[in-house]
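Enquirer: I would like the entire structure built from these sequences, with the hints used as guidance.
All residue numbers for the sequence shown refer to our numbering, where the first residue is 56 and numbers rise by one.
Worth flagging that the hints you see were computed from the coordinates, not collected in a lab. Glycine included, each C-beta is placed from N, C-alpha and C at the ideal position. Certain hints may be false.
[To be verified] With a straight-line Cα cutoff of 30 Å, these simulated DSSO-like cross-link-like pairs (lysine-lysine) come out: (1) Lys-128 x Lys-211; (2) Lys-97 x Lys-178; (3) Lys-178 x Lys-208; (4) Lys-178 x Lys-209; (5) Lys-128 x Lys-88; (6) Lys-209 x Lys-97; (7) Lys-198 x Lys-88; (8) Lys-112 x Lys-166; (9) Lys-128 x Lys-112.
[What the hints assert, rightly or not] Ranges between beta-carbon positions, derived for each pair: (10) Thr-102 x Ile-248: 36 to 42 Å; (11) Leu-98 x Thr-177: 34 to 40 Å; (12) Asp-113 x Asp-153: 22 to 28 Å; (13) Gly-114 x Ala-155: 25 to 31 Å; (14) Ala-244 x Val-91: 23 to 29 Å.
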Amino acid sequence: MVKFTQKMMTQKLLLIVLIALTAGANAHEKQPKEFVHGIAIKLHQGTYNFAGPPDGKDGATDVPGHSWLRIGKNRLLGKHMNTGPFGAPNYFSSDAGDGALLYAMEAVIDKWSEARSLLYYTKGFNHYHMLINVKTGERHPTKVVWFKHVAVKKFKLDGEGVLAFLRSRGEDATPRDIMLGVDYGTLPANWNIPYDPNPATAP
Numbered sequence: 056m057v058k059f060t061q062k063m064m065t066q067k068l069l070l071i072v073l074i075a076l077t078a079g080a081n082a083h084e085k086q087p088k089e090f091v092h093g094i095a096i097k098l099h100q101g102t103y104n105f106a107g108p109p110d111g112k113d114g115a116t117d118v119p120g121h122s123w124l125r126i127g128k129n130r131l132l133g134k135h136m137n138t139g140p141f142g143a144p145n146y147f148s149s150d151a152g153d154g155a156l157l158y159a160m161e162a163v164i165d166k167w168s169e170a171r172s173l174l175y176y177t178k179g180f181n182h183y184h185m186l187i188n189v190k191t192g193e194r195h196p197t198k199v200v201w202f203k204h205v206a207v208k209k210f211k212l213d214g215e216g217v218l219a220f221l222r223s224r225g226e227d228a229t230p231r232d233i234m235l236g237v238d239y240g241t242l243p244a245n246w247n248i249p250y251d252p253n254p255a256t257a258p
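Expert: Spelled out as C-alpha cells, the structure:
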C-alpha cells in the first residue's frame with residue numbers, strides 16, 4: 056500500500072492544475088506542443104519576447120531558466136528551471152540540482168492598474184514582467200505579463216547568479232528557504248509599482 060506524503064499530494068495537485076489549465080485553452084487556436092525558451096508572443100501591435108538575456112533561439116530574449124507554452128490568447132504556462140542565462144548551472148539554487156524544475160508557473164498578459172495589481176496579487180501573482188518588441192527593442196506600450204510561481208519542491212534560493220543579479224539592481228539578495236506552493240516572495244515583487252513603458256534605464 057502506497058503512503059501519500061505531503062510532497063506527493065502537492066505534486067499531484069500541481070499536475071491536476073496544469074492539466075486543467077491546458078484543457079481550458081481556446082480550442083480554435085493552434086497551440087504549440089512544447090515549452091519554448093525565448094517564446095515569440097504575437098500581439099496585435101507586433102511580436103514580443105520576454106525581457107531578459109538573448110539566449111533563446113536566434114537571440115530571442117527571455118527570463119533565465121524559463122520556458123513557456125501559450126495556452127490561450129492571453130495565457131501561458133511556464134516552467135522555471137534551476138538554470139541561468141546561456142545554460143549557467145545552479146543559477147537559482149545550490150541544493151535543488153542543476154536544471155531541476157523549481158516552479159510551475161501561470162502567466163497572464165494584461166495591463167497594469169491599481170485595481171488589477173491588487174486583484175492579481177490576491178491570486179498569487181506578485182510579479183509582472185516586461186514584453187520587448189522583437190523589431191524595435193521597446194517595451195509594450197500598455198501590457199505586461201503577470202507571473203504566479205508555484206514551488207514544486209523545497210529548496211534554498213541561494214544561487215550566486217541570481218543573488219548577484221538582485222544585488223546589481225539594489226534589491227534584497229538574502230538567501231531564502233522556498234516551501235511548496237505559491238511563492239509570494241518571488242523577486243522582484245513589483246505588483247504594486249506602476250508600469251512604465253518608457254523607463255530611464257533598460258529593462
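Enquirer: Each of the hints needs a verdict: does it hold here or not?
Expert: Here is how each hint holds up against the structure:
1. Lys-128 x Lys-211: 34 Å, violated
2. Lys-97 x Lys-178: 26 Å, holds
3. Lys-178 x Lys-208: 20 Å, holds
4. Lys-178 x Lys-209: 21 Å, holds
5. Lys-128 x Lys-88: 15 Å, holds
6. Lys-209 x Lys-97: Not OK: Lys-209 and Lys-97 at ~35 Å, beyond 30 Å, violated.
7. Lys-198 x Lys-88: Cα-Cα ~25 Å, so holds.
8. Lys-112 x Lys-166: The hint holds at about 27 Å.
9. Lys-128 x Lys-112: This hinted pair holds, its Cα atoms lying about 22 Å apart.
10. Thr-102 x Ile-248: 36 to 42 Å: Violated: the Cβ-Cβ distance is about 26 Å, outside 36 to 42 Å.
11. Leu-98 x Thr-177: 34 to 40 Å: 26 Å, violated
12. Asp-113 x Asp-153: 22 to 28 Å: The hint (22 to 28 Å, Cβ to Cβ) holds, given that Asp-113 and Asp-153 are roughly 25 Å apart.
13. Gly-114 x Ala-155: 25 to 31 Å: Roughly 26 Å apart at Cβ, these two residues keep to the hinted range, so it holds.
14. Ala-244 x Val-91: 23 to 29 Å: 26 Å, holds
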